[in-house]
Amino acid sequence: ALNRVHQAYHEQLNVQALAEEANMSVSAFHQAFRNVTLESPLQYIKKVRLNKARELIQLEGRRVNDAARMVGYTSPSQFSREYKR
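The UniProt record's numbering numbers the first residue of the sequence shown as 1 and each following residue consecutively.
A few of these clues could be false.
To be verified - Listed below are the simulated DSSO-like cross-link pairs for lysine-lysine, each with C-alpha atoms no more than 27 Å apart in a straight line:
#1 K84 / K52
#2 K47 / K84
#3 K46 / K84
As the list claims (entries may be wrong) - Cβ-Cβ distance ranges computed for the label pairs, FRET-style:
#4 E82 / M24: 38 to 44 Å
#5 E60 / S40: 25 to 31 Å
#6 A28 / P76: 15 to 21 Å
#7 N51 / M24: 21 to 27 Å
#8 Q16 / R85: 34 to 40 Å
The set of hints was computed from the structure by calculation and includes no laboratory data.
For every residue, glycine included, the Cβ atom is placed at its ideal position computed from N, Cα and C.
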């Protein structure tokens, strides 16, 4: 699941699909994921996306809206709120 998140962070990932890929129930997947990463799956996905967006902006000179779209955000305002945190 971690590899999937890192390879497909730009896709619309959801916990149900990740749990199914791991052949686990959602609750078991959530608990196992948290045991490994110390974060919920959604928190981890958000962190991966924001870190990649930061790289795109700082290292590649991408515009904020472009970076947001490239890492899977459909709403620039949502990305902006989360990026500022």
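Structure-based check of each hint:
no., hint, in the structure
1, K84 / K52, "holds, 14 Å"
2, K47 / K84, "holds, 12 Å"
3, K46 / K84, "holds, 13 Å"
4, E82 / M24: 38 to 44 Å, "violated, 27 Å"
5, E60 / S40: 25 to 31 Å, "holds, 29 Å"
6, A28 / P76: 15 to 21 Å, "violated, 35 Å"
7, N51 / M24: 21 to 27 Å, "holds, 26 Å"
8, Q16 / R85: 34 to 40 Å, "violated, 25 Å"
When the structure is compared with the earlier hints, violations turn up for hints 4, 6, 8 and for no others.
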